[in-house]
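**Q** Chain by chain, the residues run as shown.
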Amino acid sequence: MARTLTFSKALNEALHQEMERDEKVFILGEDVAKMGGDFGITTGIWKRWPKRAYDTALSESAIVGLSCGAAVCGLRPVAELMFADFIGVCYDQVINNAAKLCYMYSGEASAQLVIRAVTGGGIRCAYQHSQCIEPWLMNIPGLVVVAPATPYEAKGLLVSAIRSNNPVIFLEHKGLYNSKGEVPEELYSIPLYKANIEQEGKDITLVASMSMVAFAKKAADELAKQGVSCEIVNPRTLFPLDKETIINSVAKTGRLVVIQEGPKFMGYGAEIGAMVYEDIFEYLKAPIRRVTSLDTPVPFAPVLEDYVLPHYDDVLKACQEVMAF
Amino acid sequence: MTLSQDRFIKVYEDMVLIRRFEEEVEKYSKNGTVPGFVHLSIGQEASQAGIIEALRETDYKFPDHRSHGAIVLSSRPDDRKRVMAEIFGKKTGINGGRGGSMHVNDLKVRNMGFNAIEGSTVVTCLGTAFASVYNNTDDVTAVFMGDGTLGEGACHESMNMSATWKLPILYCVVNNHYAISTHYTESHPQKQLATWADGYCVPNETIDGNDIEVVIETIERAAEHARLGKGPTLIELMTYRWQGHFSGDPAAYRPEGELESWKEKDPILVAKAKLTERGTTEAELKAIHDRVEVLIAEYVKFALESPNPDPEDGIKHVYMDIEVEGR
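Chain order of the listed sequences is U and W. If you read the first sequence in our numbering, its first letter stands for residue 3, the second for the next number, and so on. If you read the second sequence in our numbering, its first letter stands for residue 29, the second for the next number, and so on.
If we strip away everything but chain U, and leave its shape as in the complex, we get (with noise of 0.2 Å):
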């Protein structure tokens, strides 16, 4: 039966169920067992299944070194960083051992756990607590990067990352965290590497993911009193991608606008961009367009943030550009 949970609640109620179905499933990260983590996500665990969870020392190369070795074993560790920016002091780990395990042992083993990482913008919290860390991960084949956009998704979808065989960035946007859904209470699962027709519409395929699919939802509302209507993509799988939704979406409407959060050199828009040239340019109606952040440091004071981060009215106008193309 489904009611009304946040965001947090839902991977909340995720971890919980899957503890329960599987006792090689435990939890390890930085304040997650005791204090139930930094935000909240890990609550309760470590009270009901005490020799499950695991406070370590800020040691995030310890954390995700230890994951890959006990998954190797059979295990499936679901690791905590607290910060997704905190990447950059594991990533070693992250991207040449969890990445590699499973080619190394040809398939035997793989490094089957789960790095949930607190990503995004937006809380006023500056360039080492707000970025946005996907592409830096979508470049090393081996990984998966999930990103959920919805109470709905989180749950579905950390219970498929938990449940996958493969090393699973999930990426928990904080400005989610307080959104709230529709969440069944039963154990359900969402497929990885399938994207969601979040609507369909035939002028223009607008492609988001976290966050920026409540951009693209509004827009979406807002362009259909002005006769435009918009599909809107969200491939909740970030890496490896499901290019197929995206190619089928864009050869229908013709006109293509990816809102993204990072910065726009190199993000998944270019990606997703060249894609869309490579295999369908003779279906394309305007040139793309990509709304994105500036390319720039996330800054702290509010004004400075809102500033760098993508804005609503970009999107607005990007439609309106590729419609009056």
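A hint or two may mislead.
[Said to hold, decoys possible] As a list, the in silico SDA-like pairs of lysine to any residue whose alpha-carbon atoms are at most 20 Å apart:
1) U:K196 <-> U:E246
2) W:K344 <-> U:I142
3) U:K196 <-> W:V346
4) U:K196 <-> W:N164
5) W:K344 <-> U:N141
6) U:K245 <-> W:G354
7) U:K26 <-> W:N164
[Stated by the list, open to error] Pulled from the structure, derived: some chain W residues nowhere near chain U, Cβ distances all over 12 Å:
8) G124
9) H253
10) G272
11) S275
12) W290
13) T308
14) A315
15) P335
Everything labelled a hint here was simulated from the structure, so no lab data went into it. Positions of the beta carbon are idealized from the N, C-alpha and C atoms, including for glycine.
Add chain W to chain U, keeping to what the hints say.
**A** Showing chain W alone in chain U's frame:
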């Protein structure tokens, strides 16, 4: 501890086997048959053979880049030629040629392979040790490190966590004196690197890494300590690599005479002298060397005659359940 005669003969043969293995790898690396570069452990046989001898097949082993010897000896006899084939980059290689010299692994004997970034396996090994505890088994984890490895920050995180959680880990610091060209005394303040573990309340000792009896005795003792739930130990095994960092490095950074003085402490000669003292005859020793020659010839022939991998093998196993596009 004194080794039984049978066991001593066995480990002597192990050391001769891996010495000859490395000599052949060097030969075929220098003539261009073996692709890439190789890091040889000639001169370090007692640490390689002794550590493996002291462990069980079910113990987790993380070799490092200079561990062909430990890898060969971890493998079951029928697989040893496939280790050679892996180093040659062949389809019959134990990992299908995808990894080569630095990444040879074999999960059925819990050779967990090497992540060729120094210090990386030093944190990965926390996980196998953690799994032993989580699953209530007494399997220990041994991680091979060099003197240079200790400079990596990951070693701090690993030692701190394993000591706090009493994880069953043996940090085997094979101190061959040089991290490529830099002598360990030029990059570390400790006279002996083992004492680095004092700061983590981890028992440690420095031993003669060229005396296989000492190596086996020490590693067995540390393993027992770990099996009993008493936590990690760091063992510094003093030895010396005869070659440069990689095959082809002339090692001009070493002072004159240093290599020669270490060759007098050749682990095979040390063992041979002990065996002779025990009454082992020249004929018995020669029979060992003859047996090894037959095996080595078989490994090399297998590696040379094996086919290359199919090019498309390169796109296998990127993910467990997703196929990557080929050409």
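**Q** Would you pick out the hints that fail for this structure and give their numbers low to high?
**A** Of the numbered hints given earlier, those the structure breaks are 4, 8, listed in rising order.
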